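4 protein chains.
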Amino acid sequence: MTKYTAAVAGATGYAGGELLRLLLNHPQIEIGAVTAAKSAGSRLGEHHPHLVPLAQREVEPTDADHLAGHDIVFLALPHGASGAIAEQLGDDILVVDCAADHRLVDPAKWQQYYGSDHHGSWPYGLPELPGQREKLAGSKRIAVPGCNPTASTLALLPAVRAGLINTDDVVVALATAPSGAGKKLAVTYLAAEIMGSATPYQVGGIHRHTPEMEQNLAACGADDPKVSFTPMLVPMARGILATCTAKLSDPSIGAEDVYAAYQRSYAEEPFVHLLPQGVWPQTQATIGANTAHLQATVDPHTGRLVAIAAIDNLAKGTAGGAIQCTNIALGLEETLGLTTIGVAP
Amino acid sequence: MTKYTAAVAGATGYAGGELLRLLLNHPQIEIGAVTAAKSAGSRLGEHHPHLVPLAQREVEPTDADHLAGHDIVFLALPHGASGAIAEQLGDDILVVDCAADHRLVDPAKWQQYYGSDHHGSWPYGLPELPGQREKLAGSKRIAVPGCNPTASTLALLPAVRAGLINTDDVVVALATAPSGAGKKLAVTYLAAEIMGSATPYQVGGIHRHTPEMEQNLAACGADDPKVSFTPMLVPMARGILATCTAKLSDPSIGAEDVYAAYQRSYAEEPFVHLLPQGVWPQTQATIGANTAHLQATVDPHTGRLVAIAAIDNLAKGTAGGAIQCTNIALGLEETLGLTTIGVAP
Amino acid sequence: MTKYTAAVAGATGYAGGELLRLLLNHPQIEIGAVTAAKSAGSRLGEHHPHLVPLAQREVEPTDADHLAGHDIVFLALPHGASGAIAEQLGDDILVVDCAADHRLVDPAKWQQYYGSDHHGSWPYGLPELPGQREKLAGSKRIAVPGCNPTASTLALLPAVRAGLINTDDVVVALATAPSGAGKKLAVTYLAAEIMGSATPYQVGGIHRHTPEMEQNLAACGADDPKVSFTPMLVPMARGILATCTAKLSDPSIGAEDVYAAYQRSYAEEPFVHLLPQGVWPQTQATIGANTAHLQATVDPHTGRLVAIAAIDNLAKGTAGGAIQCTNIALGLEETLGLTTIGVAP
Amino acid sequence: MTKYTAAVAGATGYAGGELLRLLLNHPQIEIGAVTAAKSAGSRLGEHHPHLVPLAQREVEPTDADHLAGHDIVFLALPHGASGAIAEQLGDDILVVDCAADHRLVDPAKWQQYYGSDHHGSWPYGLPELPGQREKLAGSKRIAVPGCNPTASTLALLPAVRAGLINTDDVVVALATAPSGAGKKLAVTYLAAEIMGSATPYQVGGIHRHTPEMEQNLAACGADDPKVSFTPMLVPMARGILATCTAKLSDPSIGAEDVYAAYQRSYAEEPFVHLLPQGVWPQTQATIGANTAHLQATVDPHTGRLVAIAAIDNLAKGTAGGAIQCTNIALGLEETLGLTTIGVAP
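For the protein sequence lines, the chains are A, B, C and D, in the order given.
With the UniProt record's numbering, letter number 246 in the first sequence gets 246, and the count goes up by one each step, no holes.
With the UniProt record's numbering, letter number 72 in the second sequence gets 72, and the count goes up by one each step, no holes.
With the UniProt record's numbering, letter number 197 in the third sequence gets 197, and the count goes up by one each step, no holes.
With the UniProt record's numbering, letter number 193 in the fourth sequence gets 193, and the count goes up by one each step, no holes.
If you're looking for bench data, these hints aren't it; they were derived computationally from the structure.
Be careful, since some hints might not be right.
Note that the list lumps identical chains together, so a pair holds whenever it fits in one copy or between two copies.
[Unchecked claim] Cross-link-like lysine-lysine pairs, in silico, DSSO-like; alpha carbons within 27 Å at most:
hint	residue 1	residue 2
1	Lys38	Lys109
2	Lys109	Lys135
3	Lys183	Lys135
4	Lys109	Lys140
5	Lys183	Lys38
6	Lys247	Lys109
7	Lys3	Lys140
8	Lys38	Lys184
9	Lys3	Lys135
10	Lys184	Lys109
11	Lys183	Lys247
Note that the structure is a prediction, hence the values are computed from the model and not measured.
Let's have the full structure, built from the sequences with the hints guiding it.
Right, here's the structure in full:
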């Protein structure tokens with residue numbers, strides 16, 4: 001059995017910690033260097049007490065010297081930092097970027113939403129997109145999707161592919177956990193601010209995940225899709241619940257048609273779980289698992305489809321998705337080292 | 001100073017408890033009988049340890065004998081129970097019904113969503129609706145709005161009144177607290193199910209608050225409005241965050257136009273607080289207060305207005321709104337006994 | 001009716017916000033300057049969206065110039081900062097210090113636990129201590145107790161006064177909310193760290209509230225008391241639950257004796273609520289209120305008394321207690337502007 | 001590789017769900033019948049949406065007919081129900097009882113705390129107790145410990161074995177999650193009651209886990225130990241934090257002696273993780289894992305040892321511990337199918 005070595009850059013953050021947690025269960029990947037910027041020199045146990053087998057590992061600096069020499073490098077760095085590092089890593093190394101830097105294909109969109117120069121785009125790590133596994137197989141560069149685009153794309157993909165909805169006016173309202181912001185030290189993310197409160201942020205079409213969602217809907221076949229996206233921060237450590245609605249393309253489409261389309265799209269997907277009709281997702285059921293729970297129906301009253309997805313933002317939304325794509329890129333079994341079973345309650 | 005006496009039926013539940021908490025601060029209302037169905041004979045302190053001044057009060061049975069003889073009767077009963085009780089209470093008693101029974105004007109809508117005979121409609125207790133204060137003044141019967149319709153109506157009212165949006169396709173996605181379901185003993189509402197999880201319920205146009213929202217938008221001037229409503233249960237004891245979007249009626253409408261319309265609508269409203277432009281509501285800021293915090297803007301990318309309201313579902317969403325309307329009905333200062341200041345963090 | 005003016009220094013933090021929230025309800029105190037160090041120049045609404053009536057207030061710098069000219073100055077500053085400011089404020093100004101600086105009488109204890117020079121001690125703001133109201137009446141300097149000492153002292157006071165326990169080996173284990181740490185930007189206080197987790201801190205007799213608890217038990221009549229104190233951080237925005245146990249001084253003491261002693265001690269206390277026998281406190285019942293909920297009993301099996309208190313750390317534990325003492329110092333009704341009714345659920 | 005089949009009785013509850021979650025990862029145990037009392041006939045997916053691979057399994061009635069024919073039967077039933085079922089299961093079946101029924105050796109203690117007839121005692125499933133693995137190896141009956149006794153025994157065991165503390169006056173104050181009560185439908189366990197609140201229960205030596213803790217300390221060598229036990233319910237779905245203190249047996253014992261004793265006791269234990277000196281446990285780090293995180297020190301000020309353990313009440317505290325013992329009883333690798341890595345944040 002071939003063994004691969006992996007370095008994790010940004011190992012002390014939440015995405016880095018989740019990558020390490022999942023890699024500890026991966027039978028064919030061994031954890032090599034764990035690196036960080038500010039906390040180089042500390043022990044990993046100080047940052048992630050749950051990762052007992054790695055407690056004594058020394059955190060090394062994030063630079064090409066420490067990352068090179070591995071088969072795989074996972075980058076869990078702040079947006080904007082991946083490009084420079086990646087350029088210093090050879091083409092023989094599989095580089096999996098959890099940041100946004102290489103997700104968007106259109107430089108103009110990147111410029112508009114991120115306000116900096118485009119670093120180019122890498123194969124996009126959402127294997128459930130049509131034809132995407134082929135692009136990921138053998139690739140040496142992977143751009144891991146944003147957690148919100150993963151949830152909302154999976155919720156809408158079958159409807160778009162089957163032509164069930166108008167994609168020029170999709171509405172996504174999404175409840176998300178503060179771990180999505182990483183260990184950012186800001187009053188907004190303090191426990192006393194979050195517990196017992198819900199609040200939206202980046203409202204009015206300005207959230208950077210908007211063009212990424214639209215790019216994904218286009219990849220499903222939509223022509224110039226438009227998404228109105230409103231995220232809300234709610235008091236849970238992990239999880240995303242994405243409520244997605246759009247006008248039906250034809251008023252005669254019924255709930256049964258919709259459910260059948262979702263069944264068809266996801267029948268073979270190992271990590272997408274369509275719930276029995278009438279049962280709606282709970283984020284709790286996905287915690288720690290590389291899975292999306294889905295349900296969809298029709299609101300005949302307004303002629304809209306309503307599709308809702310629950311994921312763990314750190315698992316299927318980031319680190320789990322990253323490892324799923326890594327498996328594909330390396331030609332391994334896609335499900336290796338990943339679980340579909342959440343930790344609930 | 002005139003003093004009124006008030007009985008509270010359903011006093012042991014969450015809405016009943018909040019009514020009592022607020023009434024304890026009301027300078028012109030004295031608490032009379034506190035009644036309940038199953039727990040008659042117990043002490044109120046067993047159900048509401050926070051209501052120390054009422055701890056020794058005996059809970060009496062909910063029937064006309066115990067409720068009559070007060071100036072005001074607040075009904076915080078399960079849906080369907082108010083009608084029969086109210087009929088036994090004289091026309092000289094102000095009856096304020098926190099249940100749904102008398103909210104809907106259209107018997108057909110009632111029949112469709114509630115599946116039972118219509119009990120007729122009472123003056124609707126949302127004073128912020130156009131012309132509504134006049135209908136409430138002197139009234140002896142008041143139907144307190146549902147908590148979700150209160151939040152979403154207040155979020156949309158200025159846009160509808162100013163003709164800024166198309167009202168035939170309004171989307172409301174709303175995060176709400178489990179206290180909205182009362183002390184219902186069901187697995188769904190157990191702490192271990194709710195903490196760390198978000199989940200939608202009654203999806204696809206079937207939630208009973210849908211026709212109530214539409215009735216309210218019509219009261220604001222919308223012609224045959226349609227609302228696609230999706231509620232989500234999130235882990236907080238109190239609070240509603242309502243995200244409301246609709247297509248702009250004219251693509252040239254900008255964020256400044258929207259904000260100006262909201263300012264005009266609510267300039268004189270004592271319990272609606274439009275936040276400074278760019279600041280979005282937190283439910284936390286409204287806890288315990290009879291207040292709605294609001295913000296609205298335009299998503300130029302999709303041509304949609306986005307308006308978001310935060311309220312405390314038990315306060316402005318139920319008991320606070322009830323007392324605000326009681327003040328109006330009795331000819332008292334509308335703000336008497338109510339605060340606009342939440343308990344945060 | 002005399003009106004007093006009050007400045008609040010450290011107004012942007014949690015203690016400062018709670019002082020302002022309560023002062024807005026105080027009929028004889030008007031809010032003057034609101035000051036802070038780093039955020040001078042900002043609007044108060046940016047920091048405390050729940051304090052709507054003060055939203056437009058400009059935050060001024062914390063210095064003697066801005067604080068002087070008020071009848072009362074509340075200091076809600078980091079420990080160590082109060083002394084220098086207080087010295088610049090005239091003896092005619094009532095200075096109420098929410099920090100630790102002036103709580104400990106013994107300079108050696110101060111030096112041992114705080115590692116800096118002692119600033120002297122001020123009348124200690126726990127009116128429930130024997131003879132303490134006399135010391136506070138007319139005082140121009142008040143040291144507000146720590147939130148943990150308030151909870152544990154109130155739990156133990158009747159037992160100590162009645163000689164029911166040995167005070168040389170008191171054990172206090174206390175669950176507390178992260179708002180007690182203020183808006184401190186540290187990973188420990190991030191929402192994702194706190195939600196779904198309980199963790200102790202400053203274990204092994206090193207917490208600075210230890211000598212303060214012992215000083216209080218001595219003030220109740222204990223001879224050289226010793227407290228083993230272990231605080232735990234739990235996932236709630238506000239609240240302290242203090243579990244206090246000590247060996248009974250005589251094995252024949254029973255639960256009835258204990259309850260009777262607690263009744264006697266607190267019969268006249270407006271802000272201490274002894275629950276009915278057999279009912280134990282919930283922190284929820286005290287949120288926002290200047291109240292402590294108490295219960296005590298005997299564990300005959302081990303010969304220990306168990307006494308448990310719940311308070312809101314920001315209310316009775318800090319800002320409420322500060323205003324209660326201010327009322328006493330000014331000769332006002334002690335309960336003015338304060339409530340005993342919590343916001344629950 | 002031998003495969004064993006296991007039935008789970010009480011499969012629809014939290015303990016049953018956690019058993020199934022862990023068994024799904026066990027390489028040598030296959031899940032057979034899943035049974036319940038009231039919900040027989042339903043699908044498992046209705047109760048445990050996170051257990052996707054078992055979603056279609058039909059829940060069968062809990063009776064000997066459905067449980068017989070397996071190699072292993074896990075009983076996750078209400079207290080008092082296990083005895084009758086177990087008697088109908090042959091001696092060749094390994095019966096693992098997660099309820100209290102067979103934990104206590106002393107019939108008088110059982111009678112005193114449970115008020116019913118003693119069902120006899122089975123080998124006690126805490127392998128970390130001295131000599132306990134020998135008793136579990138090959139056994140056909142195992143009594144899984146209570147979650148609170150597991151946490152507090154692991155916290156105190158090294159101190160008792162090394163004679164570091166007086167065991168006649170041990171104090172345990174423990175924060176615990178509501179999932180420990182199972183899916184019990186009572187107001188106490190509603191989300192709105194638990195979120196934002198901490199409350200003690202069964203105070204004063206009456207909690208049924210008290211004699212179990214004392215039995216365990218005796219098994220560690222204590223002579224007639226006495227434990228004063230106070231549990232607190234705090235707002236988290238899973239987790240126990242047990243704070244345990246006792247007088248040092250000799251005032252000269254220092255923190256280094258204590259740490260060294262803990263290191264010695266647990267050096268070879270696969271599921272007990274002593275944290276680096278000065279680092280205290282977080283329950284979060286243990287979620288989903290069969291692990292206890294520990295720290296201990298001396299409070300020189302009071303002459304007490306303070307030892308604190310964090311576990312997941314459903315994992316190491318119930319289902320994980322049950323599987324660990326099952327592995328031992330069957331002669332499998334003790335760690336099979338279990339992880340030491342928690343899901344955090």
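Right, here's what the structure says about each hint:
1. For a Cα distance limit of 27 Å, the shortest separation of Lys38 from Lys109 qualifies neither inside one copy, at 31 Å, nor across copies, at 37 Å.
2. In this assembly of identical chains, the alpha carbons of Lys109 and Lys135 lie at most 27 Å apart only when taken from the same copy (22 Å versus 52 Å across copies).
3. Taking the shortest alpha-carbon separations for Lys183 and Lys135, neither the intra-copy value of 32 Å nor the inter-copy value of 46 Å comes in at or below 27 Å.
4. For the identical chains of this complex, Lys109 and Lys140 are intra-copy neighbours only, at 24 Å inside a copy versus 59 Å across copies, given an alpha-carbon limit of 27 Å.
5. Both within a single protomer and between protomers do Lys183 and Lys38 lie at most 27 Å apart by alpha-carbon distance, with minima of 13 Å and 22 Å respectively.
6. Proximity of Lys247 to Lys109 under the C-alpha cut-off of 27 Å is found in both arrangements, the shortest distances being 25 Å within a copy and 23 Å between copies.
7. When the C-alpha separation of Lys3 and Lys140 is checked against a cutoff of 27 Å, the pair qualifies only within one copy, where the shortest distance is 17 Å, while the shortest distance between copies is 40 Å.
8. Within a single copy, Lys38 and Lys184 get their C-alpha atoms as close as 13 Å, and across copies as close as 19 Å, so both meet the 27 Å cut-off.
9. For the identical chains of this complex, Lys3 and Lys135 are intra-copy neighbours only, at 23 Å inside a copy versus 40 Å across copies, given an alpha-carbon limit of 27 Å.
10. Only within a single protomer do Lys184 and Lys109 lie at most 27 Å apart by alpha-carbon distance; the minimum there is 26 Å, versus 37 Å between protomers.
11. For the homomeric pair Lys183 and Lys247, neither the shortest alpha-carbon distance inside one copy (38 Å) nor that between copies (37 Å) is at most 27 Å.
The structure shown violates the earlier hints numbered 1, 3 and 11.
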